[in-house]
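Colleague: Sequence:
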Amino acid sequence: MTNNNLLLNELLQNDDFVAWVFSPTEAGNIYWANYATASDAHANAVEKARKLTLLFRESHATEEQDSNSNDIWNRIEQSIHSQANKTIPIHRKKWWWAAAGIAVIASTMGYYFLQKTAPVSLVINTAVKEAKHLIERKNSSGKDEIILLSDGSRVFLAPGSALKSQPIFNDSTREVYLEGEAFFEIAKDPQHPFLVHAHNIVTRVLGTSFRVNARSASNDVTVAVRTGKVAVFTEKENDPGKMVLLPNQQVVINASNNTAVKTAVQDTLLIKQPNYKPLSFEYEDAPLITVLNDLQATYHVQINYNKDKITNCRITTSIGEEPLSDKIRIICSAINATYTIDESSVTILSQGCD
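Here the sequence shown is numbered in my numbering, starting from 375 and rising by one per residue.
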């Protein structure tokens, strides 16, 4: 049995997992989200086991209405009888038989109905968002607020809007969660797609500029593209190819009734590039602590260092809108320091400066 199937069987035989699938709780959402983010194999196993568990419930409901279904389950039990010799706790035995039966059915079908390349379900996606180290930035001013993300992307956050994101993108995808409206200019990175979540609608890009408006109380989400190409889809269906937009195209999607209207952009203000003065970090013989404090304030990220070690360090440099990791590399190279970066902080190790 492959490792993937072992994980699947473990979940199908896990009472806590089954109980969570039937009756999700906030604590369960976070726990199984953490489990799913451990690896792709874990994520796939959670999604397959969840679908199989729900399939069992549907089959069980049908069984109560169909007297012939008992014969079907009896044949399934007979076919897996040899697997049932191991000791199973009494309170789990009934579910284990059902789970094993479902596994046999799925194996026979080759997991045909589970093989679409869909990530974890909406409830898992939501819980993953809660489990990650996210920071939220709200715009309480009367004009757009510029947010510089760790990968070099820029977000022009509209008044009254909020954006959640990881301080540092270290996952296979770069993901943010929008409430309200924002214009995005995404740094190109084909290896790490950029996803904007808003009202259960996802906009997926590699590098482009576009506006997302999710202000509507009716769950309407408008995505309008200025440059590049984006794919727009619902979290529930998770079909990246559902709607592809090119420059000067827009789509209005209602997530509650799953309707979408694609048109040409009529209001050019939707995709007008906001006025922007490029950020620059110009320092001449500046204390390193000052530079690091500026980076912390700009990126809302924690930078750890030994203050006593770097008190005498000074730096002259000019860094622009490179990703945060490049800025840290440049700074550490200048003072012969090393560094590590995780999803929520940067740690700099220095031997000090003369």
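Keep in mind that the hints were calculated from the coordinates and are not lab data.
Keep in mind the model is a prediction, meaning the values are calculated, not measured.
Be careful, since some hints might not be right.
[Claimed, not checked] Now the in silico label distances, taken between C-beta atoms and shown as ranges:
1) 384 / 620: 24 to 34 Å
2) 509 / 680: 23 to 33 Å
3) 654 / 710: 37 to 47 Å
4) 672 / 716: 32 to 42 Å
5) 648 / 545: 24 to 34 Å
6) 393 / 590: 34 to 44 Å
7) 682 / 707: 50 to 60 Å
8) 509 / 643: 42 to 52 Å
9) 659 / 636: 53 to 63 Å
In this text, a Cβ means the ideal position worked out from N, Cα and C, and glycines have one as well.
Colleague: Confirm or reject each hint.
Modeller: Consistency of the hints with the structure:
Distance hint check for residue 384 and residue 620: the Cβ-Cβ separation is about 45 Å, which falls outside the suggested range of 24 to 34 Å. Distance hint for residue 509 and residue 680: a CB-CB separation of about 24 Å, consistent with the stated range 23 to 33 Å. Checked against the hint of 37 to 47 Å, the pair residue 654 and residue 710 fails, with Cβ atoms roughly 25 Å apart. For residue 672 and residue 716, the hinted distance range of 32 to 42 Å is not satisfied, since their beta carbons lie about 19 Å from each other.
Distance hint check: the CB atoms of residue 648 and residue 545 are about 27 Å apart, consistent with the given range 24 to 34 Å. Separated by about 36 Å at the C-beta atoms, residue 393 and residue 590 satisfy the suggested range of 34 to 44 Å. Judged by the Cβ atoms, the range 50 to 60 Å given for residue 682 and residue 707 is violated: they are separated by roughly 22 Å. In this structure, residue 509 and residue 643 break the distance hint of 42 to 52 Å, their C-beta atoms being roughly 29 Å apart.
For residue 659 paired with residue 636, a C-beta distance near 55 Å keeps the hint of 53 to 63 Å intact.
When the structure is compared with the earlier hints, violations turn up for hints 1, 3, 4, 7 and 8 and for no others.
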